[in-house]
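Peer 1: Listed here are the chains, written in short residue letters.
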Amino acid sequence: DAMVIQNPRYQVTQFGKPVTLSCSQTLNHNVMYWYQQKSSQAPKLLFHYYDKDFNNEADTPDNFQSRRPNTSFCFLDIRSPGLGDAAMYLCATSRDQGASLIYEQYFGPGTRLTVT
Amino acid sequence: QKEVEQNSGPLSVPEGAIASLNCTYSDRGSQSFFWYRQYSGKSPELIMSIYSNGDKEDGRFTAQLNKASQYVSLLIRDSQPSDSATYLCAVIRTGGGNKLVFGAGTILRVKS
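The listed protein sequences correspond, in order, to chains G and L. The working numbering puts the first residue of the first sequence at 1106, with every later residue one more than the last. The working numbering puts the first residue of the second sequence at 538, with every later residue one more than the last.
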């Protein structure tokens, strides 16, 4: 089945120790997104890739970076995690069909990040 | 004013009843609307998308859209305990690429 896969599902890191989360997809979607979701809050968009073009949200801290080496894979790097970065990190994908209004986004299972 | 507003709930309904979830949005130009279901500790799951005024039915789910009133709703018929979850309303932000704006979600509890 076509899907969005995230690894690892659970990640524990130390304060200030860099961490990388990964996302892969078999949907062949051209747009990939990273969201941060804290308890009882809506998902918050950090950035997205439209094909190879990177689009950062204005309020995303510099501590968060992303890489997309090819269509299928996307990585989220947190350079110096703080306690406030503990959250669920969600990867999502969509297919931009040009003039179409259909922009359904499909989420992976998420990575739960704990910072100690 | 928030871009997408939902009543946080919890909304409690008995098993077998109709659950009605509501959402309003502020961007009059929005054209694409979605409902996601999120179980505790899990990721959002797309359950309905709607693009035109009126009703769209899929199994026990019906999405309703009224662009003039900037209102989207989700009806769940014959509610089951397994429907207990947080339901997120999401709207594509116009003029900003394919960006979803989420409401804070409504917690639904179906009591058996």
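These are calculated hints, taken from the structure and not from any lab test. Quick reminder that beta carbons are idealized off the backbone N, C-alpha and C, glycines included. Errors might be hidden in some of the hints.
DSS-like, lysine-lysine: derived pairs with alpha carbons at most 30 angstroms apart [stated by the list, open to error]:
no., chain 1, residue 1, chain 2, residue 2
1, G, Lys1157, G, Lys1122
2, L, Lys636, L, Lys648
3, L, Lys539, G, Lys1149
4, L, Lys579, G, Lys1143
5, L, Lys636, L, Lys579
6, L, Lys604, L, Lys593
7, L, Lys648, L, Lys579
8, L, Lys648, G, Lys1157
9, G, Lys1149, L, Lys636
10, G, Lys1143, L, Lys636
11, L, Lys579, G, Lys1122
12, L, Lys648, G, Lys1143
13, L, Lys604, L, Lys636
14, L, Lys604, G, Lys1157
15, G, Lys1143, G, Lys1157
16, L, Lys604, G, Lys1149
Residues of chain G placed beyond 10 angstroms of chain L at every Cβ, according to the derived structure [said to hold, decoys possible]:
no., residue
17, Pro1123
18, Val1124
19, Leu1132
20, Gln1146
21, Leu1150
22, His1153
23, Asp1167
24, Thr1176
25, Gly1187
26, Leu1195
27, Gln1210
28, Gly1213
29, Pro1214
30, Gly1215
31, Arg1217
32, Thr1221
Peer 1: Can the restraint linking lysine 579 of chain L and lysine 1143 of chain G be considered satisfied, given a maximum Cα separation of 30 angstroms?
Peer 2: holds, 12 angstroms
Peer 1: Per the stated criterion, does the least C-beta distance between glycine 1213 of chain G and chain L lie above 10 angstroms, as a non-interface residue requires?
Peer 2: violated, 6 angstroms
Peer 1: Taken at face value, is the distance from the CA of lysine 1157 of chain G to the CA of lysine 648 of chain L at most 30 angstroms?
Peer 2: Distance ~47 angstroms between lysine 648 of chain L and lysine 1157 of chain G Cα, so the pair is violated.
Peer 1: Taking 30 angstroms as the top limit, are the C-alpha atoms of lysine 648 of chain L and lysine 1143 of chain G close enough?
Peer 2: holds, 27 angstroms
Peer 1: Is the Cβ of glycine 1215 of chain G farther than 10 angstroms from every Cβ of chain L?
Peer 2: Violated: least Cβ distance 4 angstroms, not greater than 10 angstroms.
Peer 1: Mind verifying the non-interface call on glutamine 1210 of chain G? Its CB should be farther than 10 angstroms from each CB in chain L.
Peer 2: violated, 6 angstroms
Peer 1: Lysine 648 of chain L and lysine 579 of chain L were given as a pair; does the straight-line alpha-carbon distance stay at or below 30 angstroms?
Peer 2: holds, 21 angstroms
Peer 1: Below or equal to 30 angstroms on CA atoms is what counts here, so check lysine 604 of chain L against lysine 593 of chain L.
Peer 2: Roughly 14 angstroms between the alpha carbons, so the hint for lysine 604 of chain L and lysine 593 of chain L holds.
Peer 1: Non-interface claim for proline 1123 of chain G: all C-beta distances to chain L beyond 10 angstroms?
Peer 2: holds, 24 angstroms
Peer 1: Is the Cβ of threonine 1221 of chain G more than 10 angstroms away from each Cβ in chain L?
Peer 2: Non-interface label on threonine 1221 of chain G holds, nearest chain L Cβ at 19 angstroms vs cutoff 10 angstroms.
Peer 1: Would the least Cβ to Cβ distance between threonine 1176 of chain G and chain L come out above 10 angstroms?
Peer 2: Non-interface label stands for threonine 1176 of chain G: nearest chain L Cβ at 16 angstroms, farther than 10 angstroms.
Peer 1: Beyond 10 angstroms from chain L, beta-carbon-wise, is arginine 1217 of chain G?
Peer 2: The claim breaks: arginine 1217 of chain G does not keep its Cβ more than 10 angstroms from every Cβ of chain L (closest is about 8 angstroms).
When the structure is compared with the earlier hints, violations turn up for hints 2, 8, 14, 20, 21, 22, 26, 27, 28, 29, 30, 31 and for no others.
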